[in-house]
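Peer 1: For reference, the chains in residue letters:
2 protein chains.
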Amino acid sequence: MHAHRQLAALALLAGLGAAPAFAATDTQAPTPTRAELLAKSTAGEWRTPDPHNLLVMQLPTGRVLIELAPDFTPLHAANIRTLARQHYFDGLAIVRVQDNFVTQWGDPAGDDKSKRRSLGEAHDTLPPEYTRPIDPKLAWTPLPDGDVYAPEVGFSNGFPAARDPADGQTWLTHCYGMVGVGRDYGPETGNGSELYVVIGQAPRRLDRNLAIAGRVLEGMPLLSALPRGTGPMGFYDKAAQRTPIQSVRLASELPPAQRPAVQVLRTDSATFAALLDAQRHRHDAFYKVSSGKVGLCSVEVPVREAKPAH
Amino acid sequence: MHAHRQLAALALLAGLGAAPAFAATDTQAPTPTRAELLAKSTAGEWRTPDPHNLLVMQLPTGRVLIELAPDFTPLHAANIRTLARQHYFDGLAIVRVQDNFVTQWGDPAGDDKSKRRSLGEAHDTLPPEYTRPIDPKLAWTPLPDGDVYAPEVGFSNGFPAARDPADGQTWLTHCYGMVGVGRDYGPETGNGSELYVVIGQAPRRLDRNLAIAGRVLEGMPLLSALPRGTGPMGFYDKAAQRTPIQSVRLASELPPAQRPAVQVLRTDSATFAALLDAQRHRHDAFYKVSSGKVGLCSVEVPVREAKPAH
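Listed in order, the protein sequences are those of chains A and B. Its first residue numbered 1, the first sequence is counted upward by one per residue in the working numbering. Its first residue numbered 1, the second sequence is counted upward by one per residue in the working numbering.
Hints were generated in silico from the structure; no laboratory data involved. Since this is a predicted model, take the numbers as computed values, not measurements. Don't take every hint at face value.
A pair holds if it fits inside one copy or across any two, identical chains being indistinguishable in the list.
What the hints assert, rightly or not - With a cut-off of at most 30 Å between alpha-carbon atoms, the simulated DSSO-like pairs for lysine-lysine come out as follows:
1) Lys113 with Lys238
2) Lys238 with Lys115
3) Lys137 with Lys288
4) Lys293 with Lys238
5) Lys293 with Lys115
6) Lys293 with Lys40
7) Lys288 with Lys238
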């Protein structure tokens with residue numbers, strides 16, 4: 001009975017698995033599961049990331065895919081592409097894992113300029129790109145459920161974002177799986193050679209204070225389940241604790257056959273809207289009360305392996 | 001320069017480390033750090049958890065401390081105490097780790113009743129205790145910053161909580177580190193023999209649908225950094241992947257010298273209010289924009305080792 005207990009609770013908690021038979025006394029049909037809604041999506045509701053914006057990071061444990069967000073941080077995207085083309089990240093490492101906060105990678109040599117790897121053709125400093133002007137040409141699907149931190153939140157081509165009509169600015173938000181650009185004190189000190197990913201509760205206080213370069217589409221467990229560093233701020237004390245980065249490549253630099261075949265559900269699609277609605281108003285054999293609302297960072301934008309084109 | 005970049009960014013992101021010298025052109029003093037504010041706290045602002053409510057879970061990797069929350073879930077606390085006194089959990093295991101969701105432990109035998117451990121004197125079913133009536137005698141420190149999911153949020157003796165004046169109910173919330181009671185479909189099917197802890201973005205949709213038994217005070221990295229299970233819903237496929245639970249004891253059952261000496265900052269204290277304010281209005285060499293608000297689940301209630309009484 002207890003595996004059933006586990007599975008029942010968790011099938012529904014996770015929004016996975018088959019929907020159970022609903023209690024006969026209940027007249028309302030159970031809310032469709034995420035899997036059921038996705039199964040009914042159409043091909044046109046899925047978007048294939050531009051290989052020019054797709055980073056493939058190879059770790060000893062597997063592959064991490066990151067989609068860059070040039071609509072919001074074009075100069076950072078360009079610099080990261082330059083670094084990837086130079087194979088800058090190959091042989092660098094994950095240097096920091098702080099619980100309920102971030103996993104960070106870059107050059108373990110730190111500020112030792114004599115040992116630190118050259119940025120080559122990439123820029124050492126960049127304009128901040130923490131926010132950008134709201135523009136009607138920029139994709140925007142509002143999430144009307146409210147937010148503690150920003151006047152308006154929503155999605156822009158699959159990325160969680162916020163905006164403030166009062167100052168006309170919009171920005172990407174620090175949700176789980178979002179990839180940010182580490183920097184020093186000065187706002188121009190980030191360049192994309194040190195990146196972090198959010199692995200815990202969304203640290204929204206960082207919004208508008210750091211450039212967000214993109215989002216992890218695949219491989220989050222390879223970054224989130226690493227041993228936490230025991231040095232200050234989760235830096236690893238010993239070199240042996242670091243996870244080496246075997247390579248980082250731009251998908252567009254790979255032979256077509258080697259490019260990852262992933263697709264992201266369009267956040268302006270009817271299926272995405274249906275997923276949000278199912279999350280707000282879930283009614284089934286497990287849930288006793290529906291939340292009525294969905295928080296921006298509680299939305300997981302679906303990613304799938306694309307079917308091979310035969 | 002890059003280790004400096006890392007450290008600077010992260011000292012402030014993490015709220016750790018010494019405050020940097022503030023830019024000379026800035027006339028406003030930098031916001032004190034968390035460490036600085038805690039250093040000024042008084043002894044009376046810290047609360048020592050009742051050993052009757054403190055669970056000590058020993059894993060091969062270290063110790064996890066969980067404070068039970070009998071103000072909200074008294075029947076579950078009593079049942080979990082009964083289970084701990086019987087040494088029920090000793091030799092059971094962590095059976096599930098689902099990325100950005102929960103780590104769960106209990107009896108790996110699942111629903112095989114012939115193999116499943118007896119609950120002994122503990123109850124197999126309990127009333128749900130998902131919410132309880134608001135009561136002026138129940139501690140309540142409101143957090144006025146707003147919330148997506150509940151009309152009112154705040155803290156009750158160190159636990160994040162919500163309430164709805166419309167129906168007169170209050171409940172604990174599924175924030176990072178909160179420990180919930182797994183159950184089957186029926187609302188009376190949880191008993192505390194299977195517990196989960198939140199290891200990712202707060203799954204607030206679970207609020208009022210599951211009983212929350214307490215909060216992890218120490219040892220979260222031992223639960224959050226485990227390999228994710230690759231079976232459905234993050235269950236481990238193979239027995240060898242599970243982390244064994246060596247023992248779970250109620251601190252009150254341990255000899256006084258062996259009881260963990262931890263203290264929790266009172267959430268009705270001036271120092272806690274100052275920490276919230278520093279988080280909302282942070283202004284220092286790193287932060288360019290302060291968030292102005294703080295979300296309920298972005299607040300980490302401080303825990304410290306108590307000084308030994310000599």
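Peer 1: Each of the hints needs a verdict: does it hold here or not?
Peer 2: Tested hints:
| no. | hint | in the structure |
| --- | --- | --- |
| 1 | Lys113 with Lys238 | within (20 Å within a copy, 47 Å between copies) |
| 2 | Lys238 with Lys115 | within (17 Å within a copy, 44 Å between copies) |
| 3 | Lys137 with Lys288 | between (42 Å within a copy, 27 Å between copies) |
| 4 | Lys293 with Lys238 | neither (44 Å within a copy, 37 Å between copies) |
| 5 | Lys293 with Lys115 | neither (51 Å within a copy, 41 Å between copies) |
| 6 | Lys293 with Lys40 | within (23 Å within a copy, 39 Å between copies) |
| 7 | Lys288 with Lys238 | neither (48 Å within a copy, 32 Å between copies) |
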